[in-house]
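Q: Chains as they are written, first to last, in the working numbering: chain A, 7 to 118; chain B, 7 to 118; chain C, 7 to 118; chain D, 7 to 118; chain E, 7 to 118; chain F, 7 to 118.
Keep in mind that the hints were calculated from the coordinates and are not lab data.
Fair warning: there could be bad hints in the mix.
If several chains are the same, the list does not tell them apart, and a pair holds so long as it fits within one copy or across any two.
[As the list claims (entries may be wrong)] Listed next, the in silico SDA-like pairs over lysine to any residue satisfying Cα-Cα at most 25 angstroms (straight line): (1) K76 - Q11; (2) K76 - L116; (3) K19 - R65; (4) K30 - N41.
Being a predicted model, the structure only gives us computed values, none of them experimental.
6 protein chains.
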Amino acid sequence: MNQVQAFNDYREKMNERILDGDNKVIKRIFNLDTNAFTDGAINPKNKELIGLACSMVLRCDDCIRYHLGKCHELGVSKDEVFEVFGIANLIGGTIVIPHLRRAVEYWDELGS
Amino acid sequence: MNQVQAFNDYREKMNERILDGDNKVIKRIFNLDTNAFTDGAINPKNKELIGLACSMVLRCDDCIRYHLGKCHELGVSKDEVFEVFGIANLIGGTIVIPHLRRAVEYWDELGS
Amino acid sequence: MNQVQAFNDYREKMNERILDGDNKVIKRIFNLDTNAFTDGAINPKNKELIGLACSMVLRCDDCIRYHLGKCHELGVSKDEVFEVFGIANLIGGTIVIPHLRRAVEYWDELGS
Amino acid sequence: MNQVQAFNDYREKMNERILDGDNKVIKRIFNLDTNAFTDGAINPKNKELIGLACSMVLRCDDCIRYHLGKCHELGVSKDEVFEVFGIANLIGGTIVIPHLRRAVEYWDELGS
Amino acid sequence: MNQVQAFNDYREKMNERILDGDNKVIKRIFNLDTNAFTDGAINPKNKELIGLACSMVLRCDDCIRYHLGKCHELGVSKDEVFEVFGIANLIGGTIVIPHLRRAVEYWDELGS
Amino acid sequence: MNQVQAFNDYREKMNERILDGDNKVIKRIFNLDTNAFTDGAINPKNKELIGLACSMVLRCDDCIRYHLGKCHELGVSKDEVFEVFGIANLIGGTIVIPHLRRAVEYWDELGS
């Protein structure tokens, strides 16, 4: 679980440093991020699948890692994750494949 | 329903012209597109929500229109669509807002 | 002033329709957008130059139009606008040029 | 040839307006653009195929139109153009398809 | 040849893990990727130059590495590679330069 | 100052290797880059804030590092830097946050 721990530690440490900056716009964006993924007309699990897919087509490794972690917590299955990967790689193209490699490696480390 | 009809007509007409080009790679990509959104570990409705969100963060008006049409067919509610819009505008940023305007206009025309 | 009026009218009309959707995340993003460009450590004029440059490298015509309108209101000079254009086209590459054409047309219509 | 003429006329008119702005950075970028596609280790035709592919994965309709026009002038065949389309849609993903539709329409109008 | 070996090993290992996921859409995308770059109206070498340019404007280091490796295998000269770099940095802008640095480093390691 | 030194050293070393390639287009782009940020209608400090914001919405860590270094040299304050971060994260969305983390870490290392 080395890569997962490293990601979470760095994320937590730097989020603190960011919030130390005391910038109102940034702090509100951080709050919104929590709000957007809570239960609503769409449930948290499906929202995480959406967040994962968006992160993948936008090709952000850390965002993919974050949403994979959340998916894992919420009991998303490997088949569901791979269907999101399939859609994201189709919509986003083969330019997404290097991110897919790192995503699968991270999912493996999450112990799914 | 003017905008919806215009989009569907142009899409159908040009897809035919594209397939007339008889390029194997392109034809297979078109086939895959149909395959990726069929029922599987994730159901078609949730796949369309994913497709809609990806289209929005990647800022493609026509892709948004296509997935809004599919969402409408599958009975997705206005609140669900707006939650996808919310997530996509948060992840993708305010640069997405002009596409949100056109998406809401199209959703209105779909008669939701 | 035809193009300017058309942009502002559509923008206003659809922003209302968006807010009618009553989605908390979207409403907060709209509020934040107003907040981020108010006076602070950086003054409103320089924030608009930043907003204009970001809109251009991200290649969003409507965002460019919006920030050009704000720049015009705040008395930004043509030379300043063109220096932003120069930086944005250098950073973003020649793929930005079609947006530069439409930006210059809009700036002309603003009556600078 | 309506669409082709309209594109060329607008492009020419606005390029003049841009150069009127007399911004050194922009003028040099315009010069470089001419230089980059002249004969060298790679011939002009293959450079245009590269320019076309880049325009397509970056999803810029006007850039695609410009390079399609150049390809047409240089005698690029329909099969070559479609192979570029295939590669660009595979690398860039299905998000490119709406641009492919408009590209095929423009290519048809060029009279290939 | 350290960096080249590391890239190829990781790529091979993770491609296997991806295909283990047994997702039909992903497997077909992988197949298509092989197909798109075979001989056709455009020869494999020119297709690789196109793939390299697309990878660079889309700013994907691993995709650049992959196509540089293929270019090297196919006997593409340093001058040809640099002309692709020039076009990609002009179209994609100076935001591409950090990827250009890593590309030149990788090309050096390939022993060209 | 470890991360700062490493970035500057690698940047300098590879820029030399790039210029060794003796490609006219690339050399001119490098020259233009210096020109675009010199004093003009907009002063160098505000141009660096623009360059920083563009780098952030385009999500290029090395470009962010480069402009943070320049901002630091020109005496930009932490509050100004954070206002740029706020605008960039709002326009570019939460997909920018991982780059914000690395940017704050780099800014800390610059000794602000």
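Q: How would you label the pair K76, Q11 (within, between, both, or neither) given a Cα cut-off of 25 angstroms?
A: Classified as within; 14 angstroms inside a copy, 33 angstroms across copies.
Q: With identical chains treated as interchangeable, where does the CA-CA distance between K19 and R65 reach 25 angstroms or less: within a copy, between copies, both, or neither?
A: both (23 angstroms within a copy, 20 angstroms between copies)
Q: What label fits K76 with L116 when the C-alpha limit is 25 angstroms: within, between, both, or neither?
A: within (10 angstroms within a copy, 34 angstroms between copies)
Q: If the cutoff is 25 angstroms on CA atoms, where do K30 and N41 land: within, between, both or neither? Let me know, please.
A: both (17 angstroms within a copy, 9 angstroms between copies)
Every hint from the earlier list agrees with this structure, and none is contradicted.
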